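S.K.: Residue-level listing of the chains:
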Amino acid sequence: MSFKFALVGNPNCGKTTLFNEITGSTQYVGNWPGVTIEKKEGKAKKIEGDIKIIDLPGIYSLSPYSMEEIIARDYILNEKPDVVINIVDATNIERNLYLTTQLLELGVNVVVALNMMDAADSKGDKINTEILEAHLKVPVIPITASKGQGVKELLVRAQNVAQTATSAGVAPSLNEMHDESIVSRIHEIEKTIIPQLNRKIENTRWTALKLLEGDEKVQETLKIPDALLAEIKGYQKKLEKKYDMDIETIIANSRYQFTTFLTRKAVNKKEQSSDLTVSDKIDKVVTNRILAIPIFLAMMFGIFSITFGTIGSFTIDFVDVLVNETIAGFLSTLLEEAGAAVWLQDLVAGGIIGGVGSFLVFVPQIMILFFFLSILEDTGYMARAAFVMDRLLRKLGLSGKSFIPMLIGFGCSVPAIMSTRTLENEKDRRLTIMLVPFMSCGARLPVYALYTAAFFTANQTMVVFSLYVLGIVIAVLSGFLLKRTLLQGEVAPFVMELPPYRIPTFKGTMIHMWDKGKGFIKKAGTIIFAAAVLIWFLQYYNFSFQAVVDPGDSMLGTLGKTIAPVFAPLGFGDWKSAVALITGFVAKEAVVSTMGILHGVAEATEGSIDLITALQAFFTPLTAYAFMAFTLLYMPCMAAFATIKREMNSWKWTLITVGFSTGVAWIVAFLIFRVGLLLGFS
Amino acid sequence: MERSLKELKPGEKSVITKVLGDKSAVRRRLMDMGVTRGAEVLVRKVAPLGDPIEVNIRGYELTLRKAEAENIIVA
Numbered sequence: 003m004s005f006k007f008a009l010v011g012n013p014n015c016g017k018t019t020l021f022n023e024i025t026g027s028t029q030y031v032g033n034w035p036g037v038t039i040e041k042k043e044g045k046a047k048k049i050e051g052d053i054k055i056i057d058l059p060g061i062y063s064l065s066p067y068s069m070e071e072i073i074a075r076d077y078i079l080n081e082k083p084d085v086v087i088n089i090v091d092a093t094n095i096e097r098n099l100y101l102t103t104q105l106l107e108l109g110v111n112v113v114v115a116l117n118m119m120d121a122a123d124s125k126g127d128k129i130n131t132e133i134l135e136a137h138l139k140v141p142v143i144p145i146t147a148s149k150g151q152g153v154k155e156l157l158v159r160a161q162n163v164a165q166t167a168t169s170a171g172v173a174p175s176l177n178e179m180h181d182e183s184i185v186s187r188i189h190e191i192e193k194t195i196i197p198q199l200n201r202k203i204e205n206t207r208w209t210a211l212k213l214l215e216g217d218e219k220v221q222e223t224l225k226i227p228d229a230l231l232a233e234i235k236g237y238q239k240k241l242e243k244k245y246d247m248d249i250e251t252i253i254a255n256s257r258y259q260f261t262t263f264l265t266r267k268a269v270n271k272k273e274q275s276s277d278l279t280v281s282d283k284i285d286k287v288v289t290n291r292i293l294a295i296p297i298f299l300a301m302m303f304g305i306f307s308i309t310f311g312t313i314g315s316f317t318i319d320f321v322d323v324l325v326n327e328t329i330a331g332f333l334s335t336l337l338e339e340a341g342a343a344v345w346l347q348d349l350v351a352g353g354i355i356g357g358v359g360s361f362l363v364f365v366p367q368i369m370i371l372f373f374f375l376s377i378l379e380d381t382g383y384m385a386r387a388a389f390v391m392d393r394l395l396r397k398l399g400l401s402g403k404s405f406i407p408m409l410i411g412f413g414c415s416v417p418a419i420m421s422t423r424t425l426e427n428e429k430d431r432r433l434t435i436m437l438v439p440f441m442s443c444g445a446r447l448p449v450y451a452l453y454t455a456a457f458f459t460a461n462q463t464m465v466v467f468s469l470y471v472l473g474i475v476i477a478v479l480s481g482f483l484l485k486r487t488l489l490q491g492e493v494a495p496f497v498m499e500l501p502p503y504r505i506p507t508f509k510g511t512m513i514h515m516w517d518k519g520k521g522f523i524k525k526a527g528t529i530i531f532a533a534a535v536l537i538w539f540l541q542y543y544n545f546s547f548q549a550v551v552d553p554g555d556s557m558l559g560t561l562g563k564t565i566a567p568v569f570a571p572l573g574f575g576d577w578k579s580a581v582a583l584i585t586g587f588v589a590k591e592a593v594v595s596t597m598g599i600l601h602g603v604a605e606a607t608e609g610s611i612d613l614i615t616a617l618q619a620f621f622t623p624l625t626a627y628a629f630m631a632f633t634l635l636y637m638p639c640m641a642a643f644a645t646i647k648r649e650m651n652s653w654k655w656t657l658i659t660v661g662f663s664t665g666v667a668w669i670v671a672f673l674i675f676r677v678g679l680l681l682g683f684s
Numbered sequence: 002m003e004r005s006l007k008e009l010k011p012g013e014k015s016v017i018t019k020v021l022g023d024k025s026a027v028r029r030r031l032m033d034m035g036v037t038r039g040a041e042v043l044v045r046k047v048a049p050l051g052d053p054i055e056v057n058i059r060g061y062e063l064t065l066r067k068a069e070a071e072n073i074i075v076a
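First to last, the protein sequences are chains R and F.
Mapping of the first sequence onto the numbering used here: position 667 corresponds to residue 669, and the numbering continues sequentially without gaps.
Mapping of the second sequence onto the numbering used here: position 16 corresponds to residue 17, and the numbering continues sequentially without gaps.
These are calculated hints, taken from the structure and not from any lab test.
Remember, predicted model here, so these are calculated numbers, not experimental data.
Any given hint might turn out to be false.
[Claimed, not checked] 30 angstroms max Cα-Cα, derived DSBU-like pairs, lysine-lysine:
(1) Lys14(F) <-> Lys240(R)
(2) Lys24(F) <-> Lys272(R)
(3) Lys24(F) <-> Lys235(R)
(4) Lys239(R) <-> Lys19(F)
(5) Lys14(F) <-> Lys429(R)
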C-alpha cells in the first residue's frame, strides 16, 4: 500500500530536520500548483512500504491570513494525505498545540511528533505523553529529530494509523477543545445552514466551525448568500454577547484555553531558575543597545572578508588552475590529436571553457557565502537582526520582517522573493519584492571578483563591500521614494517569534548550504552552458553565417554596436560590454562568461586567454566601478524575473519593477562616472 | 486602572485582559501567536533603537511594536 504523509508544524519546530531525517537524499523540490512556494517531497527510508512525505510550509495557524497558511490548509483539505504528522516543539508545547487544535478540528488523521525531547529533558521539563494522548485522542510520539531518535517509531505509528483508521473514527470530539456553548452553535450551523447550501460538503463540522468563526476564505469558496450570512451572524451575536468578545477572539481564546489546560496537566516544568539561559546571555550581547548594530555590521564585514579574502581567493586560484589549465589543456590536446575541425576546437576552448569555466571559478566563493548565510539563519540570528533593524525599516514603511528577505537576497533573489510570503500585507510584500533585487546576490559576485581583481587589487574586499553597501543604500532610498509615491499605505505591522538560539549541526548547515547553492552549479551546466554556446556562435559568424575575423563584424558585434551608445554616457560604451549586459539578463554571472568569450577570442593570439589583461585595456578603475554598479542594480535575472511575475501575479508590477531597477541603475552608474570624473578619478 | 502592554517596563509581568481594535490581519496574528485574554506576559527588553519590544508569552519570545502593544490591555 502506498501512503502520503504530510508534515505540518510551526516555524522553528525542527520540521526540516525531521524531513531530511526521514527522506535522506531521496527528496526533490517542486512548486505548489499556481504559486512558487517550494514544495518538498521525498520517499520515507527506514520503513517498509511506499510512503511519500510532503513537507508543508511552517505555519502557526490555519487562519487564512497568509499564503502559507492557505497553502497548507488547501493541501490537507484537497489532497487528503493519509496522515498529517504534526510536529510539536516539546520546549514550547503550549503555543505549538494551538496549530494541533486546528488540525484536529479538521477531523483528519493526526499523529503528533513531540520533537526536541532532548532539549526539553535538559531543561528539566517532564512531559507526560499519555496525558497528551488521552486528551488529544491521537498518538503522541516523543522524538529528537536531530539525533534520529524516535523517527522510526513515528513512521510505524503513522503507518498503523493510515492502515487502520477511517477518518471519522480518530477525530476527537470538539467538546474536548471547546466550550459547550460554542460546540452547540457549531452543531446548529451544521444542521440548519449547511443543508441550505445545496452542495456536497465533505467536512461539514469543520465548515460549520469556519462559518461560525467568520472565515472569509470559506465564505468565498462556498459563495454563501447574504441571507445565510445574516443567519450565521445571529449565531455569532449570541456568543459575542455571552463572552463579551468578538467571535474571532472567542474561538482563538477557546483553543488557547485548551492548550493551556493541557500543558499544565501534561507538562511538569522545572521551576525556572533566575539564572540566565544561554539564549538570554547571547541576546544580552547581540541585541544590546549600543553593541547591536556594530556587531551586525562587523559580522557582515567578517563574512565578506572571509569570502573574498584569503580563503575565497585560494579557492578561486584552485578552481582556475583546475578548469582553465588542467581540463582546458586536456580537452584541447584531445581535440587536436583527434583532428577535430578548427571551429570545434574554438568552440570548446573559447566558448565552453571560456564561458562556463570563467563562471565555475567563482562557485566555491558563492558556496562560502551561502555557508555563512545558512549559519545566520539556522542559529536564529536572522530573527534578531530583524528585531534590531525594525525601527530603521519602519522609516521606509516596512517592518523588520522585510529584513529577512533582504538578507537572503545576498544569497539569491529567488528564495528571497519567495520568503516575502511571511509578510501579511500585500503592499509591503510588493515593496519588499521590488527592493530585494538591489541586494547584491551571489551571482553578481563573479562580476565583482573579476573586475576588482583587474582594477582594485590593493583593496578588493573594501571595494566589494562598498558595492553591497551601495545596493543597500539604493534600496533604502527607493523604499523611501516608492512608499511615498506608487505604494502609499499604512506602516507594516511587526509581530514575530524570536526563536531560541540553536547551535546548528554541521550536517544541517551543509544541507542548507547545498540546497541554496546547487542551483548555481546546475545553472552552470544548463543556462550558462547554453548561453555560452549561443554567444560563441553569434560572435563567430556574421549574419550571412560566415566565420568572421574580427568579432566586431559578427552578429553579436552588430547587435552590441547598436545598443552600446545607451551605455556610452556611463563610461563603458564598447559593444562587448553592451552584449555582456544583455546576456546578464539570462543570469548575472553570464556577464563574466560572455566577457570571457568575447575578450578571450579577441586576445587569444598566443593561445593564452587572459581576461584580466584584456579588460584592463577596455576599462579604467572608474568605468569598471560604474560597470559593477550597473550590473548590481539593473534588471534582475530571468529566474528572478519569473519569480517576481509569479509572486506579484501582475505583469504591470513586474514591468514596473524591471523598468524601475534599470532606470535606477543607469542614473547611478551615470552619476558615479560623471561625478568621479569631476573629482579627478579616472 | 487600565494600562497597556506598552506601559510595562522591562522585567514587569502582567496578565492580558483584552486586545483592542477591529478585525484585521495583525490582530488575528497576535491571537494566533497566543496574545489572548488570560495569558501571562513578561516584558523582556526594548530594541536598541527604542522599538519594537520583546515579551515572553506562553513560554516563548515574541517581538511586537509599541504601536501594537498599545492595543493590548493588561491587568
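S.K.: Give a verdict on every hint.
M.R.: Structure-based check of each hint:
At roughly 34 angstroms between alpha-carbon atoms, Lys14(F) and Lys240(R) are farther apart than 30 angstroms, so this suggested pair is violated. Under the criterion of a C-alpha separation no larger than 30 angstroms, the hint pairing Lys24(F) with Lys272(R) is inconsistent with the structure, at around 38 angstroms. Between Lys24(F) and Lys235(R) the CA atoms are separated by roughly 15 angstroms; this keeps the pair inside 30 angstroms, and the hint holds. Note on Lys239(R) and Lys19(F): the hinted pairing holds, with a Cα-Cα distance of about 19 angstroms set against a maximum of 30 angstroms.
Straight-line distance between C-alpha atoms of Lys14(F) and Lys429(R) comes to about 35 angstroms, which puts the hinted pair past the 30 angstroms bound.
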